[in-house]
Every structure is written in C-alpha cells, then in structure tokens.
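Novice: Residue-level listing of the chains:
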Amino acid sequence: MAKDSLKFKIFRFDPKDAQGPRFDTFDVPYTPGLTVLMGLIYIQEFLDGSLAFRSSCRAGVCGSCGMHINGQYRLACETQAKDFLGGKITIRPLSHLPIYRDLVVDMSGFWDKYKTIKPYLIPGETAPEGRERYQTPDERARIDGVIDCILCACCHASCPMTETDEQYLGPAVLTKAARFLLDTRDSGTGERLVISGDEHGVWRCHTVYNCVKVCPKEIDPTGAIAELKKEAIRWKVLGKEKSIS
Amino acid sequence: GLAIPYWEGVPLKDMEFVQFHPTTLFGTNILMTEGCRGEGGYLTNNQGERFLGNYSDSRKAMEIAPRDIVARNIQREVDEGRGYEKAYVHLELQHLGEKKIMIRLPGIRTLAMDFAGVDPITEPVPVQPGQHYTMGGIDCNKDCETPIEGLYAAGECACVSVHGANRLGGNSLLETIVFGQIAGESAAKFFLGKGAATKSADTQLHESILKRETEKVESIKSSTGKENPFQIKQELQTVMKDKVGIFREEESLQEAVDKIRELKERFQNTSLQYKEGGFNYNLLGYMDIKGSLDVAETIAVGALTRKESRGSHFRMDFSKRDDENWLKHTVATLVKGECKLSYTDVNLELYPPVERKY
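Residue numbers (the working numbering), protein chains in the order written: chain Y, 140 to 384; chain G, 12 to 369.
Each hint should be verified, as a subset may be incorrect.
[As the list claims (entries may be wrong)] Simulated DEER-style distance windows between Cβ atoms:
{"#": "1", "chain 1": "Y", "residue 1": "D277", "chain 2": "G", "residue 2": "G128", "range": "32 to 42 Å"}
{"#": "2", "chain 1": "G", "residue 1": "Y354", "chain 2": "Y", "residue 2": "T323", "range": "33 to 43 Å"}
{"#": "3", "chain 1": "G", "residue 1": "Y369", "chain 2": "Y", "residue 2": "D251", "range": "46 to 56 Å"}
{"#": "4", "chain 1": "Y", "residue 1": "G226", "chain 2": "G", "residue 2": "D253", "range": "28 to 38 Å"}
{"#": "5", "chain 1": "Y", "residue 1": "Q211", "chain 2": "G", "residue 2": "E160", "range": "27 to 37 Å"}
[Stated by the list, open to error] Here are the simulated DMTMM-like cross-link-like pairs (lysine to aspartate or glutamate), alpha carbons at most 20 Å apart as the crow flies:
{"#": "6", "chain 1": "Y", "residue 1": "K221", "chain 2": "G", "residue 2": "D125"}
{"#": "7", "chain 1": "G", "residue 1": "K153", "chain 2": "G", "residue 2": "D356"}
{"#": "8", "chain 1": "Y", "residue 1": "K368", "chain 2": "Y", "residue 2": "E330"}
{"#": "9", "chain 1": "G", "residue 1": "K110", "chain 2": "Y", "residue 2": "E357"}
{"#": "10", "chain 1": "G", "residue 1": "K275", "chain 2": "Y", "residue 2": "E184"}
{"#": "11", "chain 1": "G", "residue 1": "K111", "chain 2": "Y", "residue 2": "E330"}
{"#": "12", "chain 1": "G", "residue 1": "K111", "chain 2": "Y", "residue 2": "D277"}
{"#": "13", "chain 1": "Y", "residue 1": "K356", "chain 2": "G", "residue 2": "D253"}
{"#": "14", "chain 1": "G", "residue 1": "K71", "chain 2": "G", "residue 2": "E50"}
{"#": "15", "chain 1": "G", "residue 1": "K97", "chain 2": "G", "residue 2": "D305"}
{"#": "16", "chain 1": "G", "residue 1": "K244", "chain 2": "Y", "residue 2": "D187"}
{"#": "17", "chain 1": "G", "residue 1": "K331", "chain 2": "G", "residue 2": "D125"}
{"#": "18", "chain 1": "Y", "residue 1": "K356", "chain 2": "G", "residue 2": "E50"}
{"#": "19", "chain 1": "G", "residue 1": "K275", "chain 2": "G", "residue 2": "D305"}
[Claimed, not checked] Going by beta-carbon spacing under 8 Å, a handful of chain Y positions derived as facing chain G:
{"#": "20", "residue": "P168"}
{"#": "21", "residue": "G172"}
{"#": "22", "residue": "Q183"}
{"#": "23", "residue": "E184"}
{"#": "24", "residue": "G188"}
{"#": "25", "residue": "S189"}
{"#": "26", "residue": "A191"}
{"#": "27", "residue": "G202"}
{"#": "28", "residue": "R240"}
{"#": "29", "residue": "V243"}
The hints are simulated quantities; they were obtained by calculation from the structure and are not laboratory data.
Note that the Cβ used here is the ideal one computed from N, Cα and C, for glycine as well.
Let the sequences and hints guide you as you build the complete structure.
Specialist: And the structure:
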C-alpha cells in the first residue's frame with residue numbers, strides 16, 4: 140500500500156437501518172502531522188457525509204472525541220496517524236454506552252451518574268466577607284492529581300465493571316467525588332460518601348487499572364477510588380472526626 | 012453564531028479587527044499561551060537571535076510587547092527569510108528549567124509533545140502567528156442589548172466594544188464572565204416585564220417561525236447542486252489566510268472580496284451528501300459554511316474600506332493610524348444579500364487617543 144495514504148476502517152451503525160452494523164474502509168491521504176480526527180473530518184467532508192462522530196477543540200481538552208482506536212480507548216485528536224503508516228486504523232465507538240449512530244454514543248447515562256455525585260462545591264461556612272476562600276499552595280496541591288478530568292468517558296468505556304453492572308458509577312464519576320473529598324473548601328464529604336459507598340459505588344471497583352492505562356489526562360482513578368474506600372472505612376470504624384477531608 | 016443575527020438584520024461591528032496570536036504551534040495552530048512568554052520564554056529566529064530587539068516597537072517590552080506587534084514582527088522575520096522552513100520561529104523555554112515548566116506550564120508541554128513532537132524542557136517549540144480572536148462582533152450596548160428586542164449578546168461574539176482594535180491578553184475570559192452576568196441580568200429584567208410575557212404566550216408566532224425554519228432546512232436537504240460545500244470552505248480558508256491576514260493591502264483585499272462573492276454564488280449550487288435527521292454533520296457543516304461566507308465578507312469589506320492601520324488591522328499601503336478620518340466604528344449590515352458599511356462614533360470617555368509609542 141502506498142506509504143502516503145492510510146486505510147481507515149470505521150464502525151458504521153444506524154439503529155433505524157435494517158442492515159445492522161458493518162465496517163466501511165476509506166483511503167485517506169497522509170500529510171505530516173495528520174491526526175486520526177483530521178482523517179475522520181476529511182472522510183466526512185469529502186468521502187462520506189453520513190459519517191457521524193463528535194469533536195470540538197481538536198486539542199485534547201474538551202473530551203468530545205473519545206473513541207476506540209486500534210485497540211485502545213483514546214482521543215482521536217491526540218492520536219497521530221504517522222504511528223500507523225503503511226497499515227490500517229480501525230475505529231470503533233466507546234463501549235458500555237448505547238450507540239446513537241456510527242461513532243456517536245448516547246452519553247446521557249454517564250451524565251446521570253455524574254449528577255448523582257453532586258459535582259459542585261458544597262462549602263462549609265458562609266462565604267468570607269468581600270474575599271475568596273483561601274487555600275495554601277499545599278492545600279491546593281492535594282487536588283492536582285484529580286482535577287484535570289475532561290469527562291471523555293474513555294475510563295468508563297475501558298472498565299469491565301461498567302459492563303457487568305450498568306449502574307456502577309465508574310472511574311470518572313468516583314474520581315470527581317474524591318476531588319471534592321480532597322478539596323479543603325468543601326464539606327459535602329458525608330453526602331458523597333453515602334452515594335459513593337452504596338451498592339453501585341466504590342465497592343464495585345476491583346482495581347483492574349484499565350482506567351489508569353487509558354486516561355488521556357494521566358489521572359489515577361483507581362487511586363482516587365482507593366482514597367474514597369479508605370475514607371468510607373475511617374468514617375464507619377473510627378468516626379468522622381478522623382476524616383482527611 | 013455571528014451569522015444568525017446578521018441574517019436577521021442585526022449589524023456586526025468592527026469586523027476587520029481580527030487578532031492574530033503570535034504563538035500558535037506550527038501546523039495545527041493550537042494555541043501556545045502568552046503565559047509562556049510571561050514566564051520568561053524567548054522568541055528566536057534562524058540566526059538564534061531574540062529578533063524582537065531589532066524592531067523599534069518591541070525593543071523595550073521584547074516578548075511581552077502587545078500581541079499585534081509581536082505577531083507582525085514574527086511574520087516579518089519569516090517573510091524576510093529568517094524563519095525555519097519559511098514558516099515559523101522558535102519559542103525557547105529551556106532556560107526556565109524543568110521545575111518551572113512542570114509547575115507553571117504543564118499544559119503547553121503536553122500540547123507541544125503531543126502535537127509538535129518536541130519537549131519544551133529540552134528543545135525549542137516551533138511557533139507561528141495564527142488567527143485567535145475577533146474583536147468585532149454583534150453590535151450591542153454595555154447592557155448587552157442588540158437592536159432586536161429580547162436578543163442579547165455577550166463574550167467574544169459581542170462587540171460593545173470593550174477591546175477596540177486590539178485585545179489585551181486575559182481580557183476575553185474577563186469579558187465572558189462580566190458580560191455573561193450583565194446579559195443575564197438584562198435578559199431577566201426584560202422577560203419579567205409585561206411586553207415579553209405577551210410575546211412568549213404567542214404560540215401562533217412560534218409556530219409560524221418553526222414552519223419557516225423547517226421549510227428552509229427541507230429545501231437545503233432537497234437541493235440538487237453539483238458542488239461540495241466543503242470544497243467552498245477550503246477555498247474560503249485559503250483566501251482569508253492569504254489575503255486578509257496580518258499584512259493587508261488594497262489589491263489583494265479587493266481580490267479577497269471578489270473571491271468571497273464568487274464563493275457565495277457557487278455556494279448556491281451546492282448540496283448535501285447526507286439528508287437524514289439526527290447528528291447530521293453534513294447539514295451542520297453546510298449551515299456553518301453559509302454563515303462563514305457572510306461573516307468573511309464583513310471582515311474583508313471592512314478591511315478593504317478602512318484605509319489606515321489601527322491595532323491588529325495593518326495595511327501595508329496605509330501604515331499610519333489616521334484618527335482624523337478613521338476614528339470610528341465600522342458597522343456592517345446585510346442589505347438584500349450584500350454587505351453594506353456605515354460608521355458610528357467611538358465613545359472615548361476618559362482616554363483621548365495619543366500616539367502609540369513604546
């Protein structure tokens with residue numbers, strides 16, 4: 140196959156179509172710096188206008204273009220096509236969510252889980268008069284590892300527990316709960332521990348570590364979930380005065 | 012976003028003032044934040060020199076001179092053969108050290124590695140100017156009201172204006188927050204008033220508008236034109252980049268206006284490849300391109316007509332600022348499918364303009 144073109148093998152599916160799912164293959168001309176997303180846009184604009192996929196920032200910060208690309212859940216905009224020159228790029232939608240059409244999945248289940256964890260600051264005291272709530276650099280550094288989530292759902296797709304238990308909150312949502320646990324300005328830990336400690340919460344995590352492997356922002360959801368597990372036990376066994384929140 | 016009110020007769024103001032950010036990644040034009048230079052980064056040409064010192068308008072502030080000045084000087088270096096691959100210069104961050112980069116600039120390090128294959132801790136980053144922000148936009152007042160009752164505009168799409176011909180770094184975020192609140196308050200005040208309640212209850216009005224818009228979409232879906240709208244988009248991108256960029260002049264601006272009008276004609280003869288409902292990116296793209304053509308016309312016509320240089324709008328044939336003739340806002344209105352310009356006074360309040368010296 141010519142060195143300056145690539146084959147894109149793309150999952151196609153329209154639920155309204157009696158035909159059922161299939162794979163379509165397209166030839167995309169390669170230019171230096173081509174990303175998988177740029178290839179998909181080229182296909183949609185010039186080869187097949189019916190192709191459906193989400194994208195927005197094309198710079199790895201919005202989380203819209205999460206897909207399964209050559210065996211890995213990742214962002215299409217950050218995947219360099221040059222790593223696959225001379226071969227084939229196979230693209231499937233994210234797993235564990237219903238498929239709307241082609242590479243677009245129905246994210247509403249993911250968002251519903253997200254809302255249950257109260258993903259907003261629940262402050263303790265009333266706001267200080269005329270100024271913001273202070274945090275020292277060290278206090279702020281506690282949330283460094285968990286604050287970068289762009290809600291791309293790659294972790295949720297890679298986690299086998301979201302498959303076996305459809306209601307399992309999943310790595311991203313639980314990481315968000317941990318994010319507020321670790322934020323010194325927040326005092327909603329009690330409420331969030333109830334939600335994340337229930338039947339479909341942290342205890343469904345079996346430390347598979349797929350989420351850590353795929354996260355485009357290099358977050359450690361397994362570690363964050365472990366912190367929540369430890370905190371839940373602290374509250375139960377030692378009393379909430381021993382909270383690290 | 013800008014096209015929809017424009018199509019309904021709302022003017023767009025000051026459209027020729029387009030900000031070109033000095034440092035975007037070579038190739039993808041992903042933004043390398045001004046913070047890189049704020050933290051102490053240097054810009055060097057292919058002779059290894061910090062070339063901003065060779066220009067009188069950036070000699071003093073160097074890398075943190077205003078954006079339009081830095082963008083123009085980078086472009087001059089490249090155009091005069093002192094760039095790399097005839098396209099970019101180097102953003103040097105190595106001297107800041109690993110610790111500072113990891114703490115202060117981790118995001119741009121990831122971007123440089125993922126999209127340009129370089130690690131700023133050890134190598135220079137290839138950067139070139141790229142289109143970044145529109146100072147112009149939907150004509151509105153400081154309460155975010157547009158000429159259409161009940162329609163408000165805030166943020167980058169709006170033009171009060173607060174940035175004039177050149178926006179300072181960080182002020183777009185500030186603008187969004189401040190005017191977002193103001194627009195919300197203005198809108199709430201209006202909708203709690205009597206007149207609004209009557210309009211909201213007018214279901215006949217809603218239905219007639221829905222019918223009108225549905226018919227428009229249906230006629231797009233059933234059009235049988237021969238051309239691909241995305242081909243038009245590519246040609247529009249090329250003409251805007253080549254002829255309505257950082258350095259502008261009469262002849263090429265006129266060619267740009269003519270080309271845009273030709274593209275608008277050809278666009279009438281395009282059709283969709285995919286006509287179903289639901290996540291139809293073909294249709295979405297079509298609407299986007301249709302709007303872009305009209306917005307591009309306001310920019311090119313505004314730039315052609317303004318025979319002076321001011322802020323980010325730089326004319327090689329009229330390189331001085333001309334307050335006597337041109338201290339005014341450009342107002343572009345769509346009249347029978349054509350872009351018509353008029354002008355309004357600038358509200359100077361506290362700061363009379365003086366000569367721009369550094």
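Novice: Which of the numbered hints are not met once you compare them with the structure shown?
Specialist: 2, 5, 11, 13, 15, 17, 18, 20 and 27
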